[in-house]
Amino acid sequence: MTATGNDQERDRSAPPLTPRRARRAVASVVSVIGELLITAGLILGLFVAYSLWWTNVLADRAAHQQGDQVRKHWASSGPKGPGELDTKDGIGFLHVPAMDNGDVLVKKGTDAEVLNEGVAGYYTKPVKSGLPKDKKGNFTLAAHRDGHGAKFHNIDKVKDGDPIVFETKDTWYVYKVFATLPETSKYNVDVLDEVPKEAGKHKAGRYITLTTCTPVYTSNYRYIVWGELVRTEKVDADRTPPKELR
Amino acid sequence: MYGWIWRHLPGNTWVKALISLVLALAVVFVLFQYVFPWAEPLLPFNDVTVDQGMAAVR
Numbered sequence: 001m002t003a004t005g006n007d008q009e010r011d012r013s014a015p016p017l018t019p020r021r022a023r024r025a026v027a028s029v030v031s032v033i034g035e036l037l038i039t040a041g042l043i044l045g046l047f048v049a050y051s052l053w054w055t056n057v058l059a060d061r062a063a064h065q066q067g068d069q070v071r072k073h074w075a076s077s078g079p080k081g082p083g084e085l086d087t088k089d090g091i092g093f094l095h096v097p098a099m100d101n102g103d104v105l106v107k108k109g110t111d112a113e114v115l116n117e118g119v120a121g122y123y124t125k126p127v128k129s130g131l132p133k134d135k136k137g138n139f140t141l142a143a144h145r146d147g148h149g150a151k152f153h154n155i156d157k158v159k160d161g162d163p164i165v166f167e168t169k170d171t172w173y174v175y176k177v178f179a180t181l182p183e184t185s186k187y188n189v190d191v192l193d194e195v196p197k198e199a200g201k202h203k204a205g206r207y208i209t210l211t212t213c214t215p216v217y218t219s220n221y222r223y224i225v226w227g228e229l230v231r232t233e234k235v236d237a238d239r240t241p242p243k244e245l246r
Numbered sequence: 001m002y003g004w005i006w007r008h009l010p011g012n013t014w015v016k017a018l019i020s021l022v023l024a025l026a027v028v029f030v031l032f033q034y035v036f037p038w039a040e041p042l043l044p045f046n047d048v049t050v051d052q053g054m055a056a057v058r
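Protein chains in written order, with full-length UniProt numbering: chain A, 1 to 246; chain B, 1 to 58.
Rather than coming from a laboratory, the hints here were simulated on the basis of the structure.
There could be a bad hint or two in this list.
[Claimed, not checked] Calculated pairs, SDA-like style, for lysine to any residue (alpha carbon to alpha carbon, straight line, at most 25 Å):
(1) A:Lys125 to B:Asp51
(2) A:Lys108 to B:Pro37
(3) A:Lys234 to A:Gly102
(4) B:Lys16 to A:Ile43
(5) A:Lys136 to A:Glu233
(6) A:Lys197 to B:Asp51
From a predicted model like this one, the values you see are computed outputs, not experimental measurements.
Generate coordinates for the entire structure from the input sequences, incorporating the hints supplied.
Right, here's the structure in full:
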């Protein structure tokens with residue numbers, strides 16, 4: 001063990017573990033561990049790039065394609081009876097000027113496969129969403145805060161009184177925000193109630209509810225924005241947007 | 001580890017560098033195409049909906 005003398009070291013050539021070789025073995029183990037740690041760091045960095053950049057690229061591409069399809073479908077199908085709703089491709093577009101994110105296609109369902117395509121989804125569970133055309137109800141939507149299009153990224157910019165406009169084939173539904181809840185439990189399904197009591201409402205009406213995760217880049221809590229229908233406007237031949245969007 | 005791979009790549013330095021680059025890109029492709037999409041739903045970064053979740057069990 002303490003054999004550091006040159007003579008002794010030379011004599012013991014038979015056993016494979018001389019101090020120098022032992023040192024080299026330790027060094028190579030340490031360097032492999034070091035390389036693995038560097039690799040892990042690189043993979044985590046790539047995962048961040050994937051979540052915050054690449055999923056947006058994919059989602060925006062998918063959303064544009066589907067949005068174009070819906071608009072083309074609207075243009076080609078001509079005026080038909082009211083109440084006709086194409087739920088498969090998407091039922092319309094959400095415009096929230098305060099979020100500054102253009103028009104967001106709205107589709108049925110809030111499963112990851114739906115939302116990951118850069119759209120907003122209306123709830124089918126745990127509480128079934130009402131639809132804008134219903135006489136009474138709560139139109140409840142969810143979309144991603146980060147990645148996958150990040151359609152509700154700027155939800156914290158939406159203040160009371162801001163307009164939310166939902167565009168369907170033949171009607172503009174103009175809502176006005178009357179309450180926000182910056183942080184609530186992810187199990188708080190009451191926010192989706194037909195009459196959102198948490199927002200201070202007690203009478204049935206035509207409401208809209210936006211939900212997404214908060215704080216940004218995580219999903220510990222949920223951010224909620226409520227609006228109430230102010231008026232509807234018929235879509236004209238040029239699809240002139242209501243004054244809130246001009 | 002990377003030294004071992006480098007020593008076992010064929011060809012001169014330029015060929016080795018080229019093969020390394022191709023291998024690195026292949027790894028990135030596999031990560032972006034298969035590994036990350038698999039891992040993402042398992043991580044708690046991007047759930048945006050409210051639901052009963054564990055509350056139903058409680």
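Evaluation of the provided hints:
A distance of roughly 8 Å separates the Cα atoms of A:Lys125 and B:Asp51; the hinted pair therefore holds under the 25 Å criterion. A distance of roughly 22 Å separates the Cα atoms of A:Lys108 and B:Pro37; the hinted pair therefore holds under the 25 Å criterion. For a cut-off of 25 Å, the pair hint linking A:Lys234 to A:Gly102 stands: about 20 Å separates their Cα positions. A threshold of 25 Å between alpha carbons decides the hint, and for B:Lys16 with A:Ile43 the separation of about 23 Å falls inside it, so the pair holds.
With a C-alpha separation of about 17 Å, the suggested pair A:Lys136 and A:Glu233 falls inside the 25 Å cut-off, and the hint holds. Annotation: proposed proximity of A:Lys197 to B:Asp51 holds, straight-line Cα distance about 17 Å (limit 25 Å).
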